[in-house]
Amino acid sequence: MKREPLIEVHGVAAPLLRDDVDTDQIIPSAYLKDMNADMAQGLLAYMRRTPEGQVNHDFVLERPAFKAAPILIVGSNFGCGSSREHAVWAIKAFGIRCVIGVAMADFFRENCVNNGVLPISLALPAWSELSQWAVAADGQQALHVSLAEGKIKTDAGQQWHFEIASHARTLLMEGLDDIGLTLKHISAIEAWEARTASQRPFLQSCPAIST
Amino acid sequence: MTHTLFDKIWALHHVDTRADGKHLLYMDRHAVHELHAPHAFGLLDESERSVRRTDLTMVVQDHTVPTRPGVIRVSPHIQATLLAGSRRGVKVLDVNDPEHGIVHVVTPELGIALPGLTLACPDSHASTVGAIGCLAFGCGTTELVHVLSTQVMAMEKPRQMRIWLDGSLSDWVNAKDVALALIRRMGVSAARGTAVEYCGPVVQAMNIESRMTLCNMTIEWGGRTCLIAPDEKTIAWCKGRRGAPQGQAWDEALAWWQTLHSDADAVFDEEHHLDCTDLSPQLTWGTDPAQAIGINEAVPQPMALGASAQERATRALAYMAVKAGQSLDGLTIDRVFIGSCSNARLPDLRTAARVVQGRQVAAGVQALVVPGSSNIKRQAEAEGLDQIFLQAGFEWHEAGCSMCAGANGDIGSPGQRCVATSNRNFENRQGRDVRTHLASPAMAAAAAIAGHLTDVRRLMETPA
Ligand code: SF4
Chain H
1112 MKREPLIEVH GVAAPLLRDD VDTDQIIPSA YLKDMNADMA QGLLAYMRRT PEGQVNHDFV
1172 LERPAFKAAP ILIVGSNFGC GSSREHAVWA IKAFGIRCVI GVAMADFFRE NCVNNGVLPI
1232 SLALPAWSEL SQWAVAADGQ QALHVSLAEG KIKTDAGQQW HFEIASHART LLMEGLDDIG
1292 LTLKHISAIE AWEARTASQR PFLQSCPAIS T
Chain B
1107 MTHTLFDKIW ALHHVDTRAD GKHLLYMDRH AVHELHAPHA FGLLDESERS VRRTDLTMVV
1167 QDHTVPTRPG VIRVSPHIQA TLLAGSRRGV KVLDVNDPEH GIVHVVTPEL GIALPGLTLA
1227 CPDSHASTVG AIGCLAFGCG TTELVHVLST QVMAMEKPRQ MRIWLDGSLS DWVNAKDVAL
1287 ALIRRMGVSA ARGTAVEYCG PVVQAMNIES RMTLCNMTIE WGGRTCLIAP DEKTIAWCKG
1347 RRGAPQGQAW DEALAWWQTL HSDADAVFDE EHHLDCTDLS PQLTWGTDPA QAIGINEAVP
1407 QPMALGASAQ ERATRALAYM AVKAGQSLDG LTIDRVFIGS CSNARLPDLR TAARVVQGRQ
1467 VAAGVQALVV PGSSNIKRQA EAEGLDQIFL QAGFEWHEAG CSMCAGANGD IGSPGQRCVA
1527 TSNRNFENRQ GRDVRTHLAS PAMAAAAAIA GHLTDVRRLM ETPA
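Just so you know, the sequences run in chain order H and B.
Heads up, the first sequence is in our numbering, so the first residue is 1112 and it goes up one at a time.
Heads up, the second sequence is in our numbering, so the first residue is 1107 and it goes up one at a time.
FYI, nobody ran anything at the bench for these hints, they're computed from the structure.
Keep in mind that the hints are not guaranteed to be accurate.
Listed below are the simulated BS3-like cross-link pairs for lysine-lysine, each with C-alpha atoms no more than 30 Å apart in a straight line [as the list claims (entries may be wrong)]:
| # | chain 1 | residue 1 | chain 2 | residue 2 |
| --- | --- | --- | --- | --- |
| 1 | H | Lys-1295 | B | Lys-1114 |
| 2 | B | Lys-1197 | H | Lys-1144 |
| 3 | B | Lys-1128 | H | Lys-1203 |
| 4 | H | Lys-1178 | H | Lys-1144 |
Since the model is a prediction, treat every value here as computed from it, not as a measurement.
Start from the sequences and build out the full structure, keeping to the hints where you can.
Set out below in structure tokens:
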């Protein structure tokens, strides 16, 4: 499976400067139950709408300036909670291609990379500057994220450097499928299976599954 | 060279290292659930790939199963999973199977999870089976497709942390209380990227089911996975399970399992001790599992929690409608949920039944017991536990996840206060604006009887 390479992201950055936004908040379980749910609507649904379904126009993603924001700036520990990948699907369905925060949750970060969304964790000082910029810009100025250069830039020349694991960078930039990378090692997998089947046969068969 | 328990299982399953530095770890067993299965099989179709080892893969229906007695147990996910499973030749443990239940409960029950094995499961509570020394990893849907098509997981090697649980537990204090106290001490992200090993006298004294409760909560403080070294209790527990080796193969397995412990001088990246001797029953007051206190303590002042925790504590207090400085004891409740992969195994139900026996659920409280598996349900019924619960005014459900995440529609109404034996008290998890207090089965049962949060030890001082 090839997907569109992600090299640069340009556009407004929506500031959602809260810490510990967990996966249950990112995509409430009501949206998991329905197999054909509109994931873009589900993103942060309870922050965006009241229980009666009324839109909370003050919430950042409901403000006209941010309706098509490709960049989301979050607080620390974003995506904590469960491994549910639906959280990233919802983000992607909304049109967001890059999430910038501090110390993002592991599962969430990996799920981002697997779905072609760029997760950036900044050190606190850089994050503070960037989030101040985003609040001040208020959706009126664009931010430029270059994965190739590892830089986030503003039109006014401010810039911040970010680090990302090299394999994550490769997967995103080449739009590569992780499975393809692993299948290059298929002979090692087969060798492992053959060796284990003779040395510890019960690892390679499970009577509770096959019967 | 000395090795940790984790090192030993990791080394045995290490297949290769990819050019990007990720390690390929073989997954001996793969257990999927229906919330992810339809989508994962769809992705498999799109990429024209197949399931590499159908003989090591199983799908369990649990998250969306309606558990209310007498209700037809179907959902769109359940049907799509059945269809995909039969088309792909993958075993589906369907709702009507006599051994059906929550994936983390049934894999050890059926001997699919065993000591020394690796297990992949697209769910964050995969590490529940670390309790029997099975190295399990949770994952997202894309990784799930990766495991389906390759039988390996690609990952970075986690850091390692050892937790010593010292002392001993007093009456009515259990694994859930230990887990909550530990998470409160360590914080919700202390174990991020880490493989945790639990050990010490408290762990040794625990039965296997309690160890499962402890291991189940590992993700709640960020842990990637966890393990407890198998001992006599583990081996006795696993013996005779359907997926366990038999005869000579069992003897060989036994010899191997006896080597599965961290060497005396093994080195961990971090080690911590928690003295459990004076621990009292715990309850969460906030919206993450670290926001917990003993029933005899007061809800902390946000100011006392340090800068980073302050803001979230303030928000949690508002959401939960509790005040700093107040006692939780006496807070009126609307619902009690005894269930989930965290605390719905037979000893949990027995403990709750001891509290409930001869007593009545308080007026206005809706209380339900949802066994972790159909096996557990049958055993409980054979012991008469269902009658104890029913006579007291509890609902007695079919096995499944039920109100833990509400993915089957079992949710509370806005503003309701719920005591739950599950593992997550996040905002809106059990229904929009539902306020969840996590507790042990004993504490949850006591709250159902009292109609408010209370100390189970005090309740039990007065005869029923
Ligand atoms: S019981 Fe709850 S935590 Fe456990 S698998 Fe089901 S939904 Fe997840």
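Cross-check of the supplied hints:
{"no.": "1", "hint": "H:Lys-1295 to B:Lys-1114", "result": "26 Å, holds"}
{"no.": "2", "hint": "B:Lys-1197 to H:Lys-1144", "result": "22 Å, holds"}
{"no.": "3", "hint": "B:Lys-1128 to H:Lys-1203", "result": "25 Å, holds"}
{"no.": "4", "hint": "H:Lys-1178 to H:Lys-1144", "result": "25 Å, holds"}
Against the hints set out earlier in the document, no violation occurs for any number.
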